[in-house]
Amino acid sequence: VSASETSGDPPILIVDDDPVMRQALREAFEDEGMAVETASDGREALRKVADRWPALVVLDVTLPVLDGYQVADRLRASDRPVPILAITGDGQAREKAHRMGAFAYLRKPFELSELLRLVQGALPG
Amino acid sequence: MSADAVDLTVARQAELLELTQDAILVRTFPSSAIAYWNRGAEQLYGWPRDAALGRVTHDLLETQFPQSRDLVDAILVSKGYWEGELVHRRSNGGRVVVASRQALRRDDLGRPSAILEINTDVTERRRAEDERVRREAEQRARQLAERALDRLSRLQAVTAALSEAVTPRQVADVIVERGSSALGASAGAIYLLDEEAHELTAIALVGYADDVALRRVSLDDELPLPTVVGSRQTEYLPTAEAVVARYPRLADVPRPRGHGALATAPLIAHGRVLGGMMLSFGGPREFGPEDRELFGALIGQCAQALERARLYELAVRTQADLRRSRDERDRVLSDLRASLRTRDAFLASASHDLKNPLASIKATAQLMLRRLERAGTSNSDTQYQALERINSTVTRAARELDELLDLARLQLDRPLDLERHPVDLVQLARTIAADYQQATELHRLRLETLVDELVGDWDERRLTRALGNLVSNALKYSPEGGEIVLRVGLELRDGSRWAVVAVQDHGLGIPQAERERIFERFQRATNVEGRIAGTGIGLASVRHIAQSHGGEVWVESEEGAGSTFSIRLPLTRRWRSAVTA
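Heads up: the protein sequence lines correspond to chains Y and U, in order. Mapped onto my numbering, the consecutive letters of the first sequence carry residue numbers 10 to 134. Mapped onto my numbering, the consecutive letters of the second sequence carry residue numbers 239 to 819.
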């Protein structure tokens with residue numbers, strides 16, 4: 010699948026308050042031919058979701074304005090399920106991911122290849 | 239001189255007294271042979287005249303003299319007359335007490351020749367007299383007994399009242415009031431010694447006018463209480479004059495109640511002087527043995543009771559202090575909890591803030607690596623290698639950061655936030671043994687296990703660090719080398735299943751007394767301190783990790799033979815399958 014062919018596909022939404030991380034992940038996913046949207050806080054994430062329903066959300070737990078839990082709660086409250094991959098910077102990652110209803114979690118710093126493998130495995134088709 | 243030679247005039251004179259009830263006899267002097275024996279004598283003594291005449295009086299009558307026969311004779315010779323009581327024996331063996339009047343007769347040459355003796359039976363009189371004396375003695379004894387009983391009951395009353403008294407002041411009031419009345423004193427006081435202030439302070443003053451008694455007395459004052467407290471001797475002064483003679487200062491003290499005698503004593507309990515007590519009397523007093531005994535008993539009771547009260551007050555104060563310190567502790571704990579919450583929040587945000595940039599750098603480096611790989615760049619390319627160095631350095635920095643944060647949690651006595659997932663302890667031990675074997679040629683590391691795998695829901699990163707610490711210690715503290723055995727096993731304990739991993743070395747060992755201490759932060763065994771470098775944080779960290787898992791770590795050791803450290807981990811925690819890593 011190439012990037013040009015999938016421009017109309019639902020994007021991967023990357024939610025992280027670190028611009029360097031957002032940029033690296035955007036480029037990594039785009040290199041794989043995926044559409045990408047980014048948000049730097051919880052409120053922006055929900056606005057992006059309302060604009061365009063994502064195929065998957067890569068969600069940092071610690072966020073300004075609305076945190077990862079609140080974003081996950083709104084996403085799960087809708088009738089369209091969206092897989093969430095949780096990213097945490099501190100301890101008890103598994104418990105946090107479980108609370109968010111995430112299908113998987115990664116602790117920072119993570120292996121980029123591991124993130125791509127998990128995302129690709131979770132996407133339909 | 240014989241009986242025949244007796245002056246017949248005397249005998250004739252004696253006949254005149256034949257009719258009297260008294261016993262009249264004449265005995266020769268100095269041989270004391272009986273020359274005359276009247277009817278009264280026959281009746282009194284039971285001996286007929288024929289049997290008595292010619293006998294030596296003292297043989298016949300077994301005379302008991304008040305002092306001695308010689309003394310009686312000497313008085314007769316010198317004064318011509320003697321009067322006194324004698325005890326004689328009757329013919330039937332009975333005893334008779336007589337009032338005897340004796341007169342000496344001299345012959346024409348003036349030489350003592352005979353003694354006229356008139357004896358009156360006073361046995362009955364004497365018996366009545368003895369009876370009276372006995373009755374008096376008995377009555378006196380009864381009075382003494384009653385007085386003793388009374389004293390005892392007063393002392394018991396004091397004891398009973400004392401048992402109600404709790405504080406030193408109450409004790410002092412009881413003693414002074416009851417003690418004064420028991421001894422008939424007009425006033426009394428008890429002072430407690432304050433050694434720091436070098437003075438005595440009144441805690442009970444009864445019966446003294448306000449302007450007479452001092453509330454505080456310096457130990458240097460020449461007054462009764464400081465004196466007896468210093469000498470540890472009770473002092474009895476029987477009169478007001480004696481008091482003033484002893485303590486001239488008291489001459490100026492007004493005596494509205496006519497103070498006289500004074501008894502003063504130190505109060506001593508368990509060899510320690512607590513203070514002193516004094517009793518003042520309205521008039522003179524001899525202070526006989528009874529008074530002294532009673533006063534002594536009072537003093538003893540008072541000292542014991544005061545000591546008891548002092549200990550009681552101490553206990554009450556200690557309790558109050560304890561209560562205060564409990565409140566204080568609760569406050570400190572609540573402050574501490576608040577500060578712990580703050581620190582937990584700080585640790586979480588520090589972890590987040592420090593790891594975010596590391597994660598971003600790593601992600602960026604890996605993005606570049608992927609692009610180089612995709613462009614077919616060789617991994618020997620300098621750009622590729624530089625990015626690899628960035629990647630591995632960031633990984634190491636993140637690991638060190640994790641350890642630093644764990645250490646902060648250890649320092650704050652906070653449990654670790656574990657990253658649990660299924661871990662095979664056998665595989666983990668095997669990897670560690672292989673890793674550390676590469677670092678030593680002196681030691682041989684060996685894994686011993688009866689199970690192929692032992693999977694639990696644990697934090698692999700932390701367990702790796704804990705077991706790594708134990709193996710690293712085993713290497714370090716067996717400088718001569720030797721075998722190091724890692725054992726993994728299953729244990730049933732308290733109805734639960736536990737995994738146990740042990741590391742055994744044949745090194746220096748740990749002294750018995752230090753086997754608990756070495757798990758404390760910054761504590762190292764004394765036999766390695768200054769000999770083998772170390773921070774004293776490794777074992778504390780191992781314990782922290784074990785305890786955060788709900789497990790424990792312990793050591794068995796023999797100095798000079800080696801140590802075995804074991805970690806026990808619970809196996810029962812269920813693995814949550816809803817999330818995969």
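Don't read these hints as lab results, they were simulated from the structure. Please note that the accuracy of each hint is not assured.
Label pairs and their calculated CB-CB ranges [unchecked claim]: (1) Y:18 to U:660: 55 to 61 Å; (2) Y:73 to U:728: 32 to 38 Å; (3) Y:123 to U:618: 20 to 26 Å; (4) Y:131 to U:759: 41 to 47 Å; (5) Y:61 to U:689: 33 to 39 Å; (6) U:755 to Y:126: 35 to 41 Å; (7) U:660 to Y:126: 16 to 22 Å; (8) Y:131 to U:665: 23 to 29 Å.
To spell it out: a stretch of chain U is covered by chain Y in this simulated footprint if at least three of its residues, at any positions, have a beta carbon under 8 Å from a beta carbon of chain Y; those stretches are [what the hints assert, rightly or not]: (9) 532–539; (10) 650–657.
C-beta atoms are modelled at their ideal positions from N, C-alpha and C, and glycine is treated no differently.
Against the structure, the hints come out as follows:
Look at residue 18 of chain Y against residue 660 of chain U: about 35 Å separates their beta carbons, and that is not inside 55 to 61 Å. Between residue 73 of chain Y and residue 728 of chain U the beta carbon distance is about 48 Å. The supplied range of 32 to 38 Å is therefore violated. For residue 123 of chain Y and residue 618 of chain U, the Cβ-Cβ distance of about 25 Å falls inside the hinted range of 20 to 26 Å, so the restraint holds. Restraint check, residue 131 of chain Y to residue 759 of chain U: a C-beta distance of roughly 44 Å satisfies the suggested window 41 to 47 Å.
Checked against the given bound of 33 to 39 Å, the beta carbons of residue 61 of chain Y and residue 689 of chain U, roughly 53 Å apart, lie outside it. Hint check: residue 755 of chain U to residue 126 of chain Y, Cβ distance near 48 Å, so the stated range 35 to 41 Å is violated. Range check, residue 660 of chain U to residue 126 of chain Y: Cβ separation about 19 Å, and the 16 to 22 Å hint holds. Distance hint check for residue 131 of chain Y and residue 665 of chain U: the Cβ-Cβ separation is about 28 Å, which falls inside the suggested range of 23 to 29 Å.
Judged by the Cβ-Cβ criterion of 8 Å, the segment 532–539 of chain U is not covered by chain Y as claimed, because only 0 of its residues qualify and three are needed. For the segment 650–657 of chain U, the stated coverage by chain Y is satisfied: 4 residues place a CB nearer than 8 Å to a CB of that chain, which reaches the threshold of 3.
In this structure, the hints that do not hold are numbers 1, 2, 5, 6, 9, in rising order.
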